[in-house]
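Chains as they are written, first to last, in the numbering used here: chain A, 23 to 323; chain B, -17 to 1205.
Source of the hints: derived by calculation from the structure; they are not laboratory data.
This one's a predicted model, so the numbers in the text were calculated from it and none came from an experiment.
Backbone N, C-alpha and C define an ideal beta-carbon position, used for all residues, glycine too.
Do not take every clue at face value.
Stated by the list, open to error - Output of the computed footprint for chain B on chain A, the stretches with three or more beta carbons under 8 Å from beta carbons of chain B:
1. 71 to 82
2. 89 to 103
3. 106 to 117
4. 262 to 275
Said to hold, decoys possible - Listed next, with one range per pair, are the computed distances between beta-carbon atoms:
5. Pro35(A) with Ala500(B): 31 to 39 Å
6. Ala329(B) with Asp77(A): 17 to 25 Å
7. Gln91(A) with Thr67(B): 51 to 59 Å
8. Val328(B) with Leu132(A): 58 to 66 Å
9. Arg28(A) with Ser555(B): 18 to 26 Å
10. Ile422(B) with Arg230(A): 21 to 29 Å
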Amino acid sequence: MELRIRNVSKRYPNGVQALTDVTLTIPIGMYGLLGPNGAGKSSLMRTLATLQEPDEGSITLGEIDVLRQKDELRKTLGYLPQEFGLYPNVSAEDLLSHFAALEGITRRRLRKSTVESLLRQVNLWDVRKKRLGGYSGGMRQRFGIAVALLGNPKLLIVDEPTAGLDPVERVRFLNLLSALGEQSVVILSTHIVEDVSELCTRMAVIDRGRILLEAEPLEAVAALRGRIWRKVVDKTELPEVEAKYAVISTRLLAGRTVVHVYSLATPGPGFDSVAADLEDVYFSIMTGHFGAQTEASAVVA
Amino acid sequence: MRTWEVFRFETNVQLRRAATWLFFIGLPLLMMQLATVAYVEKARTGGFYVTAPLLMAEMTVIGSILSLLAAAAFAGDAAARDAETRLSPLLFTTPLGKSAFLAGRFLAALLLNAALAVAVQLGVFLALTSRTLEPSLSGPFRFATFAEAYLTFGLPNAFVTTACLFAAALLTRRSVTTFLVSVVLFALVVVSWQLVATRLGFWQLGQVMDPFGLTTLSNLSLTWTPAAKSVRSIPLDGTLLMNRFVWLLLSTAVLGFAAVRFGFTLAAAGAAQRGRRSRVVHADASSEAGVATVVARAAPIAPALALGHTTTISRFNVRTRLSQTGAIAWEAFRGVALSWSGLLLVALLIFLVLSWPTLMEDMGTAMLPTTEQLTRYLGSPELIWMIIPLFTVYYAGELVWRERDARVNDLTDTTPVPDGAQLAGRVLGLGLILVVLQAIRLLAGIFVQARLGYYNFEVGLYLRMLFGVQLVDYLLFAVLAVVVHVLVNQKYAGHLVVLLVYGLMRFAGSLGVEHNLAVYASDPGLAYSDMRGFDPYLGPFLWFKAYWSAWAFVLLVLAGVFAVRGREQDVRSRLRNARRRLTPRLRVAAAVAVGLVGMLGGFIFYNTNVLNAYRTTADQDAWRAEYERRYGRYKGVPQPMLNATTLRVELHPADRRAEVHGTYQLVNRTAWPIDTIHVATATLVSTSGLRFNRAATPLLRDDEYGHRSFKLAPALQPGDSVRLDFEVRFAPTGFVNGATDASVAANGTYIELRDWLPSIGYQTNRELGGVGARRQYGLATRPAVRALADTAARTNVAAGRERIALDVVVGTVAGQLAVAPGGLRRTWNEGARTYYQYATDVPIRNDVAIYSAKYIVRDAQWKNVAIQIVHHPRDTTNVDRMVRSVQASLEYFTTRFGPYPHRQLRMVEYPGRGNSLHSAPVNIAFREGFALFNPGSGATRLDFPFAVVAHEVAHQWWGNQLTPASVEGAPLLTESLAWYSAMGVVEATYGAPHLAALLAEMRSAYLVPGLRADVPLVRATDWLSVYRRGPFAMYALREYVGASLVDQALRTLLAKYGTGGREQPTALDLHRELRGVTPDSLAYLLDDLFLVNTFWDVATEAVSAERAGDGRYRVTLDVRARKVAVDSTGSEEDVSMNDFFEIGVYGRAPEHGQATPLYLRRHRVRSGTQRITVTVPEAPASVGIDPRTLLIDPNTSDNRRDVPPAAGPRSVDVLGAPQGRAR
């Protein structure tokens, strides 16, 4: 079973072109969707989650036509939106039980045990009687995860899930996801490169509605081997360096600036070769030096 | 400057919203429609200009009420938008000050609302200028009228509304509370006007309480004459000024309080501290730490293991759908039930039900809390009919928007819940709320009954009324509200549209749509009676409800197909989704529903329009106009008069069928031979077999207008008589669109034969009466009632006023008792039918009703008169009282006025609510509603039903013996004299204090709001004059002239006219007889009371008392007096006087009871102020001029005054009861 997205395009009524000819094949496992804010990640996620429809293209999950058989998909769908609210004057236990009923868990006993196990899993069991209105951002996020995990989803879509989580929670959550990724398609959209590099077996980079790269993170990193160079410069030198070289990122370090440059050969004196990481991949793509238009085919192959 | 920027920005934000424009376009259109339809009609029937300032003010206030919804949106948004959009943190950290922020926002909201008030007037303006009105309606068009209405009502109301709503949103940081406060303001208007002022009679309080001033306008509307309404502007003084002042002050205070309380800080923190909830709660950094430690401490659970649990537990089948629907419904229900608005509603309902005993009193007398009364109570149209619909609209919006408002919609929309289940769940949730509300009403109702000691609970009837009848209506409306909200997909616009639709539904009739097939959820009406049950209304009711339920299903399908799910809400996406959602199964279901609509609609149409004639109000008016046009020329043509009637009435109660075979004896009482007889046949029945006992050629037969004429050969000579045989058949087929004719019912038949039997001559009562309507149909204007001076009217004996000998046989099913006027001559059985024959001993007025039901009869006797109380088995509460009242009345009236001509007197019950009675000769009809009076016992309790029965018995003299000419002042001779007579019976039976209590109760309905402009009593026809002013005038005269003299005058009047000669009496005859017994010194009083519309205004301004030795006291009063003559246009004229007034001095009242007067004598009092000194033998407690309020005084509260402690040598005060009278 895999999720196949073919030539999906979407333009909003206000004229924004959200997705342009997106084609992706997503197998079982964790899949990272990386891109800056406003790249179209959420549009794609919402489309996958049956909340909106593309103008063109097709999406299938195994036998299910995602665009036509919405109810079928929803039976195996888990979705954690980037932003959501909860009924403030209801307890976590009650609301999760309500969602369980909506998910088709009709037997009361089962519903109870499911709710219990999920609440324990997201570590909300101790506060299950508390009104959701009193929950913190992290608690709410974990509650949303519990909702998404209800009903054993075959397709789990999580949109920027780690945003509100503290480091411990984040680790827990990502572990949970990767466990789920053993049997399901799990799509994780994020703008945090680490999330992807730590967990995802495959990834895509999206910007301005286009897929710029679809690859396995390790391969992508490997493809950059020997092409990233580093130099520490003064702030005053920066414009000159930027004009001269293909700078993909700059970073302040103790008052000076560390510059990463993309180059097939050594760019010149003062530059050291560095071991590329996924971040460098991302920045190379974003600055247009690497990816779908340039050498993606070579990397993916 | 910053204020200006906030103001500018806010205004721009609002102007960019679609809803704003919707309000600004919708409201004027609505006002235009309302003004064109309702108010033009009001002016037409009321006889004043549509440009009347009062009307303009009324429309402005109605506009203020309609604007509440928009105001809620504006003010709520202005005050709470930042909290709701979570912009507050950004906003509150700018250098913008709190006062600048609040001022800017508030002024922007105020500007919009003030502009909306202008839009209201624009709508009215367009309505008045866009169509040409008949000249009598369009008065002088003055711009100032608009300006005054705007400045007095439109603008202040906009301020009050904006301030209250803004403050509410500011305090709660939620815009939705403004909707609730709007409802409260609206409720306050209705409660002030309908409950406090109209029902409870506290007009002053009601006028001040009313936030919009509608109560004041209602008061003026009742007080002013048409002429005054046309031109007078609304005086901004007195109560109105106080009202405006109080509300402006109050709303400013509320606003100020809210502004002070409003911290310019983060909403979430403040809200959390106070334990309030806000829609979406967001975390702040501090609380995060605590959670992290929890996470750290928790032992990690192997995720895969835990997840394995949930693998195959979801199932999807029909049961799943049901359970999902149930879950949504339950969630929706819980959301409402736990919200404070839900609790408020429950509290309100319980409060209203518990307040029943006070509200349901009539004339200071309690009513039995029957189940029917209690279940109907909250549906009573004038009181609180809009509470449940309003809450339905509100909750429909809340439920449709619940997920989106809480922004949990992305989570719920992606659950595997079918679209249909989502919608069904919401509707069910709302339904569940309504069911619970009804259950609460049931329990509260039973509680009220038990508390009042009424233990006949009739749970079955509760269930049928609350859950069978009312719930169906509520649910139909709930479906509509949800469907509209789903389709409109914009919360405030949704509310607006639903309310609009509700208005259209409710006022469809006045908008010209009368067919129940065209007005959502409507029906021909349903009434329950303990005698009759739901028959015969139930059948048509159910057919119509089935038809509308089918429609509701169609609407639900429509909503299900167009419902928004997911992020895309534009029309194109919704259409695209709709196509996909219309699955073959849904198509079939929709087709079935549409088919049902067609079939049920067709069946109903066949019944209402094919089997029966469908007539709109306009059709009926046209019918009346055409009748007059065709046959008006026979008005006044000499016709023979009905002299004797013989009837055989066959009733078939179970089939609602009846036949009457009748014979009239007609006598030519004119001086001319009559060769053409005009017969008017009734439209409710089919009349056949008209046959004269001499050669008669039919000249004309017009069944549509119920007119036939026959040429007699030979002509009927003066004094000669002729027989007319006829048959009348009542057999309704199918059902009608309007109210079902319930005259023949399985149990509780009541037929007023005048409506069925043929009448002789042109029927003036079929003519259109209203001045406006007559003009509309091009008929000559005529006075509504013939003038007192119209001497021709004195000899014109209209149908119903003839004296006839009656012999009637009524056949009905065995087990029922049939009743008709006269003595029961014979009873016999034929098969399963029982026959009763009644005949009169002496001729009676031709006002005959036939009754048949399973009755219990209480027999009693007064001298040679057999008294029967023929009542429904349940209604035993007042039977003894009725017997006592009838006996006391017969005793009193025969002694004073003359003999009772019959040997029987019955009171017969018939089905129906309301407590009006009708006193036909021999038989007095009373409705079930009258049997529910429950005055309780105890000497101080007013026995109102006793007085009413005495009043009805008095009609056996005043009305049935003395039958006045139908000219102005006629009801003075019937109703006023009947009340005057009843007062005597009450005094004779219960004593003077009880009569004083009755008078006080009657006066409370009379003096508020003082209707002053009127014709003199001798020309009066309105309720207030003939039921209140007339009896009081008679009573005053009795106290001044003496009871025996007044009664002697009445006896003489009766002797002259009581047997129904050719000449019928008028009020002038009454005046003449009274003048005959009045001493010349009091002649002025008689004329003031009857020939002029006179008001006296007297007051005791100061009182002092001093000891005069021998334990006596000298009391000094400063009194002010004034006499005013008011004409029918309302212009008042001061009349100088030197009239007689009672001056009374009263001692201390004993613990229970009233003080006996120490002094009560008539003094001459001049116009203006003067001093009066009297000496009394004991310490005085209170003193007054006209202390018993015998004369008509708009303000009676200042007549009496308490006496301050006496000056002079100290001595032990006399505390004991007064021992003697000064007179």
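Status of the hints after comparison with the structure:
Residues of the stretch 71 to 82 of chain A lying with their CB closer than 8 Å to a CB of chain B number 5, which satisfies the three-residue condition for coverage. Closer than 8 Å: that is the beta-carbon criterion, and the stretch 89 to 103 of chain A has 7 residues meeting it against chain B, so the requirement of 3 holds. Against chain B, the stretch 106 to 117 of chain A contributes 7 residues with a C-beta closer than 8 Å to a partner C-beta. That satisfies the three-residue criterion, and the hint holds. As drawn, the stretch 262 to 275 of chain A meets chain B at 0 residues by the rule of a beta-carbon pair under 8 Å; below three, the given contact is violated.
Between Pro35(A) and Ala500(B) the Cβ separation comes to about 37 Å, which falls inside the hinted range of 31 to 39 Å. Here the CB-CB span from Ala329(B) to Asp77(A) is close to 52 Å, at odds with the stated 17 to 25 Å. Checked against the hint of 51 to 59 Å, the pair Gln91(A) and Thr67(B) fails, with Cβ atoms roughly 36 Å apart. The supplied range of 58 to 66 Å is broken by Val328(B) and Leu132(A), whose beta-carbon atoms lie about 35 Å from each other.
Checked against the hint of 18 to 26 Å, the C-beta distance between Arg28(A) and Ser555(B) comes to roughly 21 Å, which is consistent with it. Here the CB-CB span from Ile422(B) to Arg230(A) is close to 58 Å, at odds with the stated 21 to 29 Å.
Consistency note: the structure conflicts with the earlier hints numbered 4, 6, 7, 8, 10.
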